[in-house]
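Enquirer: Chains as they are written, first to last, in the working numbering: chain R, 706 to 889; chain F, 50 to 350.
It is worth saying that the hints were derived from the structure and are not from the lab.
Remember, it's a predicted structure, so these values are computed and weren't measured experimentally.
Take every hint as true, because none was put in to throw you off.
Below, a list of computed lysine to any residue pairs in the SDA-like style, where the Cα atoms sit at most 20 Å apart:
{"no.": "1", "chain 1": "F", "residue 1": "Lys257", "chain 2": "F", "residue 2": "Arg279"}
{"no.": "2", "chain 1": "F", "residue 1": "Lys194", "chain 2": "R", "residue 2": "Asp761"}
{"no.": "3", "chain 1": "F", "residue 1": "Lys233", "chain 2": "F", "residue 2": "Gly321"}
{"no.": "4", "chain 1": "F", "residue 1": "Lys194", "chain 2": "R", "residue 2": "Glu803"}
{"no.": "5", "chain 1": "F", "residue 1": "Lys194", "chain 2": "R", "residue 2": "Asp799"}
{"no.": "6", "chain 1": "F", "residue 1": "Lys233", "chain 2": "F", "residue 2": "Glu188"}
{"no.": "7", "chain 1": "F", "residue 1": "Lys194", "chain 2": "R", "residue 2": "His807"}
{"no.": "8", "chain 1": "F", "residue 1": "Lys194", "chain 2": "R", "residue 2": "Arg763"}
{"no.": "9", "chain 1": "F", "residue 1": "Lys194", "chain 2": "R", "residue 2": "Thr820"}
{"no.": "10", "chain 1": "F", "residue 1": "Lys194", "chain 2": "R", "residue 2": "Arg795"}
{"no.": "11", "chain 1": "F", "residue 1": "Lys194", "chain 2": "R", "residue 2": "Asp798"}
{"no.": "12", "chain 1": "F", "residue 1": "Lys194", "chain 2": "R", "residue 2": "His800"}
{"no.": "13", "chain 1": "F", "residue 1": "Lys194", "chain 2": "R", "residue 2": "Gly796"}
{"no.": "14", "chain 1": "F", "residue 1": "Lys138", "chain 2": "F", "residue 2": "Gly111"}
{"no.": "15", "chain 1": "F", "residue 1": "Lys194", "chain 2": "R", "residue 2": "Ser760"}
{"no.": "16", "chain 1": "F", "residue 1": "Lys233", "chain 2": "F", "residue 2": "Pro193"}
{"no.": "17", "chain 1": "F", "residue 1": "Lys194", "chain 2": "R", "residue 2": "Arg724"}
{"no.": "18", "chain 1": "F", "residue 1": "Lys233", "chain 2": "F", "residue 2": "Glu348"}
{"no.": "19", "chain 1": "F", "residue 1": "Lys194", "chain 2": "R", "residue 2": "Glu806"}
{"no.": "20", "chain 1": "F", "residue 1": "Lys228", "chain 2": "F", "residue 2": "Val124"}
{"no.": "21", "chain 1": "F", "residue 1": "Lys194", "chain 2": "R", "residue 2": "Ile802"}
{"no.": "22", "chain 1": "F", "residue 1": "Lys194", "chain 2": "R", "residue 2": "Gln821"}
Here are the chains, one letter per residue:
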Amino acid sequence: MITQIDVRSMLARLGPDRRDLVTRPTGRAVRTSIDTEIAALAEAAGLAVVVLDFSDVRLMDLSCADEIVAKLLQTWVGPTAPAHVCFLVRGLDDHQIEDVEHVLRHQQLALVAETQGTLRLIGEVADPWRIAFARIAERGRAAAEELAADLAWPIDDVRSALAQLALRRLVVEESGQYLPPCAA
Amino acid sequence: MSAVIDVPTRFDEWAFDHFAASYAAAGDAARVLVDAHACEWISPFGLVGLLAAGHALQERHGRSAILTVPSDRDVAHFWARMGFFTHAKDVFELHGTVPRVRGGDSHVLLEVTPVRAAEDVHNVVQHIQERSADILTTELGLDPKATMGFGMALSEACQNIVEHAGTGGWVAVHAYTWKRTLGKRVVVIAVADAGVGFRHTLEPTQGKRFGDRWGDGAALEAALLQNVSRFRDPGRGQGLAGIRRYLMRWQGKISIRSGTARIAILPPWDEGDDVPLKENLASFPGAQVQLVIPAGAQETR
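Isolated chain F (complex conformation) (with noise of 0.2 Å):
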């Protein structure tokens, strides 16, 4: 039997929900047909969450699911200019024309890059410094200021795929207008991987302290909120306090979805159209990571 998966038409973060539970509906299918043929927009958290699903299901299937390449020519271009197609060989089974493009587009910030070491963060750290500043402070009026603890951030987020995922991920970078909530350009950090997720990697040490709560949605609680790492090192958990703290300044927002949960700590903008936390969502493996950094924004402290 086979399973299709449809990838929205506009495929951001909000949209991930209903492509998560076209994923989890597809279930054992013998054969998975990702279909993107409609896809109009995507964001940089629709690109690595694609790559994400992609890889779950060659892992799960022990063959590379199929996806169709978006039909809309500009649309395939945009996703080739992010660098998605040079990564999608590897976890899908391509149907459709696949766009040649010069590579290294002055306006990406990051292209979809994947991170399995920490050589890895290195070099998407020293590539955002060295080639996007200029972007992120000139073009997006981020305060030079804030494009230091962008690149912490970024090694941040990052890292817990290093750390935690038990599998590689990829990460993208991109600006474009939040028209949802701010009508304003924003700085968005896309991070995902199909690993073992918050619950799986914080079960041992936390699950009996919450009891009967203990689920995607305390894990994610216990790692954002409450920065608990599996470690026992004391020094360990503070990365994702230090982009918190890094994204308050900057009236940024941050949500990780993992498993069945969604958390998310919201900045003024964007109070009224999102909540903290969501639960009983469709189970998606792994973890995916957004951050978002408005383009202007006056620091406070």
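Bound-form chain R, shown alone (with noise of 0.2 Å):
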């Protein structure tokens, strides 16, 4: 199940004039909002897929960035997450990728990023990863076996490569089969 969630409805219910995102009091509010808003969601059908959709935020600062993208990663990604859920951001402009890119490096972490209609990862992520995540994101789907035949990698290291994309939320598995989260 892939939800979309509009950062900027968000936003609006702490003022209805607000369209930039910045301070840590309103990126700590917005993320609230949306925390609710996912554990309503995956209690109710298991939810899969969160796309944060920015694209009516005017300008978002660091603070924010950190307050809600990373912190949300923090709490729905990882071992202890009280549900799995992968994400994945939209209506960043270049430079707002980079920002969220270097908060996200920071803590080791990382997500899937929707920029031009195209689909890459940001934050930390091994050069391995970051390659067999671009050739699935091309194919639109794709099993072990086919991404081995793609990359010409062993397959224990497509394995490998593709178990770490899982485990980080990166990747979602159906049936033997890899998909970013926007194709879920």
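With the hints in hand, could you dock these two chains into one complex?
Expert: Next comes the structure, spelled out in structure tokens:
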């Protein structure tokens, strides 16, 4: 199941005129709203993919990038997460992507970003995983064997990369096929 | 005993050390006069620095210091148009004629604005995005892409006050010609407070790590170059790093003065005229930050 969350509408709950995601208290408030929404959806429908849509947000500072994006990943991705959730961010410009990337790298986090119709990983990711992800994104979906053939990698290396990508919720596994979050 | 603190004739970041030395020399004088009557030109850094001094003197003495208004009518008008006197009357006893001006000078990017809470940061960023973005792009030739990062840098610079100063501060944004080394227009963000300063903020977590080297200079290095924060949360300490990246992209400059030290990251256009670190300066409370973005800068990656 894919759920899209319009981050601007979450921001508007704090003040209708607000278009800028700035300051930590604002970031925390927006994240709390998103957390509540994800928790409710996860309980009701076994949520799989959350698309965070920043298209209508005018500006986001580093504090909000940390309070919203990084801290959502810390809560919902990892062995102690209360539910299995993959995140995808959409609607960030190149500079914002760069800022989010720095925030994530600093905390060894990563997620999938959609920019101009293309999916890419941002944050701290080993190069082989990034290559494997790029190929999956290009194909739409792939089994380990198909990926090994495409990349001319040993199958064990591919399985290891896919296991890591899946563990960090950067791809979704469905019946032996690996998909980027938006295709799930 | 009374003391006089001279406001430099040309009061910008360069002249601030002279002002800070005069401030430090005033010591515990019972009555302090801050003499700006001969001031001929002031930058946003000078304006917010002056308010920080007034605030610190008020805290120290329990009463407001006297501030003489510039005697040059045009200079006093500029201070008024920048909204300085609106806030100066809260921390100074003003002597001299304060000009009356109509509010909302369309050429002032951001008047002197108090920053005490997150809400103030929101208002400052919103003002810049909605009322000043046109000036930044059309009159100053700032790339439209740079104006978004400008808002981010402004937000993070102001948040340093809210998060770390332990008191309020002020911000002002203005454009003027940087004659010294550039000879062209720049946009300047100036933020100042008279709070606890970087060394005090970081000492509990960083003091031991630096050992004998610990001081105002080391604290500034830790914050600006190593992204260190007083919070243990690994997500903290990224604000100044973000500002630094933004300024590098647009050939901008950042300098921070706190306590007895000043640190700067210098763009090529200012390398011969400034130094990265100054220590053993006259002590001045809190932190004073200046960001400079040259007009018409081309993005570098």
